[in-house]
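Student: Using the hints, position chain B against chain A.
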Amino acid sequence: MVTIVNCGSGNLNSVKNAFEYLGVDVTITQDPETIASSAGIVVPGMGSFSQCMDDLRENDLLEALRTAVHEQKVPYLGICLGMQILCYEGLEGEPAWGLGWIPATCRKIPGVNVPHMGWNSVYIWNHNNLFKGMGENENFYFAHSYYVKPDPLAVNPTNTEIGLTAEVNHNLWMPAAIERDNIFGVQFHPEKSHLMGLRVLKNWENVL
Amino acid sequence: MSFKRIIPLLLVKNGRCVKGKQFKNHVDVGDPVSCARVYQAQGADELILLSIDGKPLDVHLMERISKEIFLPVAVGGGIEDTKIARELFHAGTDKIVVHSATPQEIYKMVDTWGSQSIVYHTTQIWSDIPKKIEDVGELMYTCLWKEGTRMGPAIDGIKIAKNKFSGPIIASGGIGTLEDVKQVIEITDAVAIGTLFHFTDQSPIKVRSFLKNEGVNVR
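In order, the protein sequence lines correspond to chains A and B. Using the numbering used here, read the first sequence as starting at 1 and increasing by one per residue. Using the numbering used here, read the second sequence as starting at 1 and increasing by one per residue.
If you're looking for bench data, these hints aren't it; they were derived computationally from the structure. Idealized CB from N, CA, C, for every residue including glycine. Some hints could be false.
[Unchecked claim] Which bits of chain B does chain A cover? Going by a derived footprint, with three or more residues having C-beta under 8 Å, they are:
1) 13-23
2) 56-69
3) 170-180
[As the list claims (entries may be wrong)] Within a straight-line C-alpha distance of at most 16 Å, the following computed EDC-like cross-link-like pairs (lysine to aspartate or glutamate) qualify:
4) Lys67(B) / Glu20(A)
5) Lys164(B) / Asp128(B)
6) Lys108(A) / Asp135(B)
7) Lys67(B) / Asp25(A)
Only chain A is shown next, with the shape it has when bound in the complex:
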């Protein structure tokens, strides 16, 4: 059973519908026990970094997530904000602590024409998992104003530290997808990216 973690004001049903369309058993939950015993955890994102983290904290989910993902190695898929909260911290208004599972911070996309809204071409570097069977670049749908910025002070200040698997360009090059062991993140919305998006979800499900 795949669990979709209900953290706040996310559009959970689109993600649920996409998995159900693919024939995957999925449930939306805020219950730590259900999360701990799931085959895969999806954290979709909508709203703000601090609000999402507050919701997880208030519902005692931080510990449940940490145990499931780090100890039991349950695969995690963060979508949009769900990928952004993997950072140490986010600077959306007040600085807020994130899950801290990747050496990166969540920053506002600089320049004009923000939010990054619409379909964009994603350059795929790693076809092992989420992007299995796809070309060198594919189009996905983005809707975000903040991005995952790899920590320049990390030991290896390149994108390999965060497990970059795909990149996208809008005002600057930024991570479109990351992968570190059982932690996966996509900045785009696979549930909104029609056929290729559905394939990303199916590929993730195959990892479980």
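Tutor: Below, chain B alone, put in the same frame as chain A:
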């Protein structure tokens, strides 16, 4: 840079898709779920559904659409407060389009769901736009008197919109030919098309093909 977007625009009245001119004299043009399905198959980049019967879009209709449409869907019409917005988001909406909601309500919506989930729709680009709309993610401008007429888009109005809002702009109203689509999309980020798709044999496929040949940055 993200691609420019071709967005079929569906007006919904009492559970049916309708189309008229200048938002009047509407005729039935089909079932919303079927229309959405067809547009998705024809490669639409997004969908916009505007409820024009005075009430917000029926939540159950949105749920049915959400079960098979895997494109961004924006819903508007009658969304005055966060309660209605929340119900629609839970039903599967990705963005809500606000028109007559107060600046305070709009601010609350942006605060709850993020600017990228809120589109401000105006038909009056020449008058002052409320200050708070700078916080929303996108601006949609429909030229009211050109709407449904296929007489050509309101390029002047669109240029004014660009001066008033720094984020992505969706323009609609008056598109009658493929050239019109190109004219609009060259200066905006997205074009929302109603009449051209409903009453002519143009489709997202044909529009995209034409725009690509003309060198426009579409998907």
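Student: All hints, please: hold or fail.
Tutor: Hints, one by one, checked against the model:
no.	hint	in the structure
1	13-23	violated (count 0)
2	56-69	holds (count 4)
3	170-180	violated (count 0)
4	Lys67(B) / Glu20(A)	holds, 8 Å
5	Lys164(B) / Asp128(B)	holds, 9 Å
6	Lys108(A) / Asp135(B)	holds, 14 Å
7	Lys67(B) / Asp25(A)	holds, 15 Å
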